[in-house]
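**Q** Sequences listed follow chains A and B, in order. With the first letter of the first sequence counted as 1, position 299 gets the number 299 in UniProt numbering; the numbers rise by one all the way through. With the first letter of the second sequence counted as 1, position 249 gets the number 249 in UniProt numbering; the numbers rise by one all the way through.
These are calculated hints, taken from the structure and not from any lab test. Check the hints yourself; a few may be wrong.
Intra- or inter-copy, both count: the list cannot distinguish identical chains.
[Claimed, not checked] Computed list of lysine-lysine pairs in BS3-like fashion (alpha-carbon distance at most 25 Å, straight line):
#1 Lys157 / Lys147
#2 Lys95 / Lys147
#3 Lys89 / Lys147
#4 Lys239 / Lys95
#5 Lys239 / Lys89
#6 Lys157 / Lys239
#7 Lys147 / Lys239
Note that the structure is predicted; figures quoted are calculated from it, not measured.
2 protein chains.
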Amino acid sequence: MSTQITAEDLDAVALGGAFLGTGGGGDPYIGKLMAKAALLEHGPVTLIDAAELPEDALCVPVFMMGAPTVMVEKLPAGTEVLAALAQIKQIMGRKATALVCAEAGGLNSTIPFAVAAVTGLPLLNGDGMGRAFPELQMCSFTMHGVKATPLVLADDKGNAASFTTIDNLWTERLARAATVEMGGAALVAAYPMTGAQAQASLLHGTMTLILEIGRTIQEERRAMRHPGEALRALTGGHKLMRARVADIRRETTGGFVRGTATLRGIDEDAGRSFTVDFQNEFLVARDDTGRVLTTTPDLICALDGDAGLPVTTESLRYGLTLELTGIPADPQWRTEAGLTLAGPGYFGYDHAFAPVEALLSTS
Amino acid sequence: MSTQITAEDLDAVALGGAFLGTGGGGDPYIGKLMAKAALLEHGPVTLIDAAELPEDALCVPVFMMGAPTVMVEKLPAGTEVLAALAQIKQIMGRKATALVCAEAGGLNSTIPFAVAAVTGLPLLNGDGMGRAFPELQMCSFTMHGVKATPLVLADDKGNAASFTTIDNLWTERLARAATVEMGGAALVAAYPMTGAQAQASLLHGTMTLILEIGRTIQEERRAMRHPGEALRALTGGHKLMRARVADIRRETTGGFVRGTATLRGIDEDAGRSFTVDFQNEFLVARDDTGRVLTTTPDLICALDGDAGLPVTTESLRYGLTLELTGIPADPQWRTEAGLTLAGPGYFGYDHAFAPVEALLSTS
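Construct the complete structure from the given sequences, taking the supplied hints into account.
**A** Written out as structure tokens, the structure is:
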């Protein structure tokens, strides 16, 4: 089933991506501007299912890599990702058949639309995470044995770096170091894969889910309702808390934004307090007894408590009210392979993974 | 004129390279071992002048990049530079005609011999620095408009990175970041150039000069003489001091070893004291009044005060006696273009460049 996505749909894409981006994946406003301009100039983008592609098609994910705080201040020039794609074409000896979204996020689910519009290529209805994650090996492509290389990284100045590595973790390390040197953010084409590999490894339907989430946010806001409840119904999510940011510790190191927000409960949660850790994306939410409420790889998605718009980790500030929702990750993330890639242990936590629905039922 | 270099010559190459390497360019012992094994297995290496090559020949410099202290502990696997060369061949669409030495140094003037032996390619009699410098854009190739890219960096684990950049300083920045991530040292093939470019940009004769310096050290030591005087006669050098290391401050940061050695004069220099700054290589020598005795890009070459063997910055230690010689750099380094690349200002010093022969005559 193919769907036409027009410039008008991009507000919803940016909103939905930002919600599913669990605080990361880039600023929805910048992403929307970039992609809207491209679709207005070049026309709509065709969203297709991986099953519609020939087995030997060449599918190429495109995305931005770096610390979200940097992305807000250092806008892409627009040509970087085309330069990266051109190098992938040279290395692979042929042109991409379709583009792929690597992760959900305000920026990283809109960039593929911009590139699809400019190149005239279709975009697959799926992604590699079903959310955003801070490191590039954390994706279903890795779980299905797709190599991240050849990977090409391009900056706004005209520099590019490409890598061939022994595994996707090494690709992450080398590409991250180059990203830091390029100023903290760079655009990437990577994980070139066949149509058969895309069919096997993609988390299918992410792009239409993003669109549906975005439209739900728009509709609920138009109806003067906070969209939290409707989004939980749509995604199988659980309300974690309504709270106000009391303290925020954040540092940009090694190409990531890492930190912890301390939250004081409001409304029905008044009197309680919470912490939420993040590395670009939200990783772990806890209450004041230290009990884990939701942990990576399950999703922690934030909406502004009043306006109902998605909140990214870089926009967290003292006094902001939040409504946090815990959402079960795609079942692949809850397998041993998924937890090895992006479970609590990988991020240095002692706690074992437990599903959000189990954590919230044991109170 | 072509010369055959045999395994037996490599002791002299390693010694001569280490002397001209101004404290950097890698450990002569490791370099000698690597290259000797290759020449014993594959036979001698042919040293040729760039003038003997066709104008459209493809000449490729090969070298190790990283902090010398790391190179001592992290030996190359031997296959890295061949992997890098293979990628250069793929990018350039043809095989190298000849190899090039990028810089003088214990390791970096022996590695090209090892690679030449294994590949059967001739090695050009010249290099890009006439000494060692810490950063890869600091070479005569840059002064003659040769691009460092395509540059391929390979590590001992099987990872490789390649770059296309807007200038050689950006290549240095990106390659340095990847080198740090690869563990602090990596092998490189870069600056692919035509025979005509090699003829125009090479500092000719460096390899035979290195051999001559190494043989002089061997002969003087056999005759129970300290080789300092004979080396100064050979290189037009000036004795700076004989001294003992009293203090050494050294840190490995950003892929470099940076530091300062404080020296107390001995013998004819008893009662004086000195400091020598380094970033991989020796940069500036001063006496206790702060007067500059020799400054980059002129060479500061160190011999053990007793044994007469070259001393690298990573082997500096408390109590070691040194004899330091200041040598005029190649005239190209003393031009505005040369000083912009590697003069005192580039390294953050306030003093203007003055030739060692002028500095020592104004006392």
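**Q** Could you run down the list of hints and mark each one as holding or not?
**A** Each hint, compared with the structure:
In the homo-oligomer, the alpha carbons of Lys157 and Lys147 lie at most 25 Å apart only across protomers (16 Å), although the nearest pairing inside one protomer, at 27 Å, exceeds that limit. Taking the shortest alpha-carbon separations for Lys95 and Lys147, only the intra-copy value of 18 Å comes in at or below 25 Å, while the best inter-copy value is 28 Å. In this assembly of identical chains, Lys89 and Lys147 lie within 25 Å of each other by CA distance both inside one copy and across copies; the values are 16 Å within and 23 Å between. For the identical chains of this complex, Lys239 and Lys95 are neighbours neither inside a copy (45 Å) nor across copies (62 Å), given an alpha-carbon limit of 25 Å.
Within a single copy, Lys239 and Lys89 get their C-alpha atoms no closer than 45 Å, and across copies no closer than 57 Å, so neither meets the 25 Å cut-off. Neither within a single protomer nor between protomers do Lys157 and Lys239 lie at most 25 Å apart by alpha-carbon distance, with minima of 44 Å and 46 Å respectively. Taking the shortest alpha-carbon separations for Lys147 and Lys239, neither the intra-copy value of 37 Å nor the inter-copy value of 57 Å comes in at or below 25 Å.
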